[in-house]
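Chemist: Next come the chains, spelled out residue by residue.
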Amino acid sequence: MALRLRSSLSKSNFFNILRYNNLGFGTASQTTRHLRTHDPTTLLRVSQNPITRFCNTMAEKLSSVGEHEDANAQVMDFPGGKVAFTPEIKFISESSKERVPCYRVLDDNGQLITNSHFVQVSEEVAVKMYSDMVTLQIMDNIFYEAQRQGRLSFYATTIGEEAINIASAAALSPQDVIFPQYREPGVLLWRGFTLQEFANQCFGNKSDNGKGRQMPVHYGSNKLNYFTVSATIATQLPNAVGAAYSLKMDKKDACAVTYFGDGGSSEGDFHAALNFAAVMEAPVLFICRNNGWAISTPTSDQFRSDGLVVKGRAYGIRSIRVDGNDALAMYSAVHTAREMAITEERPILIEALTYRVGHHSTSDDSTRYRSADEIEWWNKARNPLSRLRTWIESNGWWSDEEESDLRSRIKKEMLEALRVAEKTEKPNLENMFSDVYDVPPLNLREQERQVRQTIKSYPQDYPSDVPL
Amino acid sequence: MAALLGRSCRKLGFLSSGHGARRTVSTETGKSLNLYAAINQALHIALDSDPRSYVFGEDVGFGGVFRCTTGLAERFGKNRVFNTPLCEQGIVGFGIGLAAMGNRAIVEIQFADYIYPAFDQIVNEAAKFRYRSGNQFNCGGLTIRAPYGAVGHGGHYHSQSPEAFFCHVPGIKVVIPRSPREAKGLLLSCIRDPNPVVFFEPKWLYRQAVEEVPEHDYTIPLSEAEVIREGNDITLVGWGAQLTIMEQACLEAEKEGISCELIDLKTLLPWDKETVEASVKKTGRLLISHEAPITGGFGAEISATILERCFLKLEAPVSRVCGLDTPFPLVFEPFYMPTKNKILDAIKTTVNY
Chain A
1 MALRLRSSLS KSNFFNILRY NNLGFGTASQ TTRHLRTHDP TTLLRVSQNP
51 ITRFCNTMAE KLSSVGEHED ANAQVMDFPG GKVAFTPEIK FISESSKERV
101 PCYRVLDDNG QLITNSHFVQ VSEEVAVKMY SDMVTLQIMD NIFYEAQRQG
151 RLSFYATTIG EEAINIASAA ALSPQDVIFP QYREPGVLLW RGFTLQEFAN
201 QCFGNKSDNG KGRQMPVHYG SNKLNYFTVS ATIATQLPNA VGAAYSLKMD
251 KKDACAVTYF GDGGSSEGDF HAALNFAAVM EAPVLFICRN NGWAISTPTS
301 DQFRSDGLVV KGRAYGIRSI RVDGNDALAM YSAVHTAREM AITEERPILI
351 EALTYRVGHH STSDDSTRYR SADEIEWWNK ARNPLSRLRT WIESNGWWSD
401 EEESDLRSRI KKEMLEALRV AEKTEKPNLE NMFSDVYDVP PLNLREQERQ
451 VRQTIKSYPQ DYPSDVPL
Chain B
1 MAALLGRSCR KLGFLSSGHG ARRTVSTETG KSLNLYAAIN QALHIALDSD
51 PRSYVFGEDV GFGGVFRCTT GLAERFGKNR VFNTPLCEQG IVGFGIGLAA
101 MGNRAIVEIQ FADYIYPAFD QIVNEAAKFR YRSGNQFNCG GLTIRAPYGA
151 VGHGGHYHSQ SPEAFFCHVP GIKVVIPRSP REAKGLLLSC IRDPNPVVFF
201 EPKWLYRQAV EEVPEHDYTI PLSEAEVIRE GNDITLVGWG AQLTIMEQAC
251 LEAEKEGISC ELIDLKTLLP WDKETVEASV KKTGRLLISH EAPITGGFGA
301 EISATILERC FLKLEAPVSR VCGLDTPFPL VFEPFYMPTK NKILDAIKTT
351 VNY
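Here the protein sequences come in this chain order: A and B. For what it's worth, the UniProt record's numbering labels the leading residue of the first sequence as 1, then goes sequentially. For what it's worth, the UniProt record's numbering labels the leading residue of the second sequence as 1, then goes sequentially.
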């Protein structure tokens with residue numbers, strides 16, 4: 001019988017989940033953390049307990065050291081804490097015998113797994129999650145086709161990763177600040193970014209928040225606390241840690257959340273960010289979409305660890321591996337992690353296993369480096385939409401009729417959004433020179449003047465859809 | 001030995017800037033401070049005046065390897081003034097995130113020689129944060145401080161002047177002070193400027209330069225160059241520690257009847273072209289001097305711009321007296337550096353062209 005806990009939208013008793021699941025991390029040090037004051041005159045160290053964290057590990061080691069009589073008599077105080085000695089030359093294995101298990105709640109067929117533990121979601125939330133996943137899927141397909149038809153210069157889909165996007169967003173609060181990579185438009189969608197707004201950015205028209213400066217899918221919305229996408233990989237990770245520290249210092253009931261892929265985890269910024277997050281005790285969620293591919297590079301060419309989840313421990317960060325195509329598991333994991341991050345002032349690493357069903361982008365044909373069968377299998381057998389759909393239908397919250405209504409409505413809205421965005425004029429030329437600094441400096445004012453002069457002489461060199 | 005002598009001459013540099021030079025800071029008195037103490041004062045004022053400001057970097061907690069952050073952690077607490085792990089990309093990346101949330105993040109890079117791991121964050125994130133977001137977001141509260149420049153024995157990795165790399169990045173500002181009083185005012189401006197700024201501090205001057213520094217909170221405007229010595233025969237442009245050397249060259253040139261106008265650029269990006277242009281239109285000659293290697297150095301940008309604007313007024317080619325195109329050498333430092341005599345020779349060549 002599945003254990004259902006009280007939901008979810010406000011603080012839940014997540015400790016119940018922890019006790020039952022025996023996730024096996026220490027809790028002793030938590031009270032001491034809150035002794036940390038914000039009194040500027042205190043001479044206390046930044047963290048009261050760098051030693052106590054090690055002491056937890058220490059306690060485990062001592063009990064196993066007892067086998068060696070000579071060794072347990074001697075313990076040395078190296079900087080960082082006591083360490084027991086061992087006379088055995090023993091290397092820590094490069095990997096565990098078994099891979100870290102993956103948390104899931106719905107099986108491949110969308111049936112609830114018996115005795116699974118998860119944070120209950122209301123009908124309203126579950127239906128919104130599913131609808132938004134469908135919307136995202138339709139939006140992706142239509143934008144992709146639009147690029148193929150030459151109406152858009154570029155697009156990158158999120159096909160296969162809808163559950164990660166939507167369910168994680170659903171588990172957060174609107175005040176949590178998001179630092180995305182570029183395959184998380186679903187988080188924006190959940191928060192209320194409209195199809196028209198997506199289309200406006202893709203066309204770079206005058207209604208684009210970004211004022212036409214970046215390629216399609218580089219969304220951003222300060223209203224929705226979603227920092228603007230930059231194409232550089234993993235650079236957002238350390239930024240998220242700084243933002244999380246700000247939230248902590250300002251005593252906000254919020255965390256920073258940053259997304260990245262399996263490829264991104266190889267970047268130096270990943271290591272920098274995780275280490276900083278742990279040392280700074282920053283309330284940040286690191287959500288890795290391990291979708292198996294970084295363009296054409298499979299994870300076997302990316303790293304040799306057991307995925308991402310094991311890397312957390314190297315930095316002193318609590319981690320979990322979750323089935324990224326299981327919306328309920330994603331929701332529960334993110335919800336739980338968020339509580340921990342904020343109340344315990346710590347980072348959490350979440351590895352969401354999934355598969356990138358689509359190509360890397362419209363500039364990629366992934367059948368050149370992987371089999372079409374593999375793609376098809378994931379699309380059909382492990383589809384995140386169908387699994388959630390089965391579950392909500394089993395609760396009587398969804399029907400075929402609602403499905404077709406939704407799909408036809410979204411498709412119509414989407415096509416209309418495209419049509420309007422395409423017709424809307426571009427931002428005017430002055431927007432090329434503004435916002436480089438808060439106020440344009442002299443050199444830019446001079447350059448604008450020069451460009452305008454040139455346009456007068458050679459109007460044919462310049463696109464006619466950019467108003468002057 | 002010659003290098004040591006040359007260096008010790010810097011102590012005298014800042015007291016003389018009379019000749020009716022245009023000054024942007026009042027010549028009010030204050031306490032005699034060296035450069036690191038003046039910077040320290042600026043940081044104290046910055047943290048005191050904005051509770052949402054932070055100072056962090058490697059070793060800043062105990063006061064920093066150059067003592068610029070002395071007393072800050074004790075006064076403002078370890079939550080606002082703290083050591084970071086040894087990771088420049090993390091330091092700057094974290095700082096960008098803090099600044100993006102509306103805080104002032106005053107970041108210290110221990111030596112400018114080590115700033116490169118953070119170059120991606122500076123160029124691709126900080127510099128473009130406002131522009132790419134359509135002004136929905138910005139990280140204007142970010143200020144990156146780094147000691148730069150020759151120190152007599154620093155070699156490859158404790159002597160670099162990397163300003164030229166950063167001057168090529170639209171979206172950030174680059175500022176270099178010449179003295180303690182200037183440093184305090186400029187740093188406060190940088191911290192309060194709504195754009196990310198890289199502030200290079202001439203490490204040689206941390207202890208060597210002593211000047212009266214007003215104790216109150218004051219700022220010196222950015223992107224305004226200052227004529228620190230007026231003259232009629234040739235314009236010299238420089239920044240940071242090099243100005244002391246240039247000033248000595250000017251004094252010696254004067255003995256030979258050459259009247260030199262010396263300009264402190266202060267802000268390299270965006271730089272004050274108008275002040276330099278006006279000066280060169282008066283003198284007809286330009287000499288630029290910087291420690292950084294000559295090829296691709298910022299002197300080239302100044303030269304090209306002035307050529308565009310003042311071509312018909314120029315009596316001689318623009319002269320650049322700079323570091324050589326080698327990694328900054330240890331034993332050969334005296335040969336590498338743009339010394340007073342190299343500058344003096346160049347002044348005479350230019351004037352006699």
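No lab work stands behind these hints, which were simulated from the structure alone. Treat the hints with caution; some may be incorrect.
Computed from the model, here is a short list of chain A residues facing chain B with C-beta under 8 Å [what the hints assert, rightly or not]:
id : residue
1  : 87
2  : 235
3  : 275
4  : 442
5  : 443
Just so you know, even glycine gets a beta-carbon here, dropped at the ideal spot from N, CA and C.
Chemist: Evaluate each hint against the coordinates.
Modeler: Going down the list of hints, with the structure as the test:
Here the hint on residue 87 of chain A is broken, as its CB sits about 33 Å from the closest CB of chain B, past 8 Å. Annotation: residue 235 of chain A was flagged as interfacial toward chain B, and the flag holds, the nearest CB pair being 5 Å apart, inside 8 Å. For residue 275 of chain A, the interface hint holds, since its Cβ comes within 8 Å of a Cβ in chain B; the closest pair sits about 5 Å apart. Given the 8 Å rule on beta carbons, the hint for residue 442 of chain A holds: about 7 Å separates it from the nearest Cβ of chain B.
Among the interface hints, the one on residue 443 of chain A holds; its C-beta lies about 6 Å from the nearest C-beta in chain B, closer than the 8 Å criterion.
The earlier numbered hint that this structure contradicts is number 1, and it is the only one.
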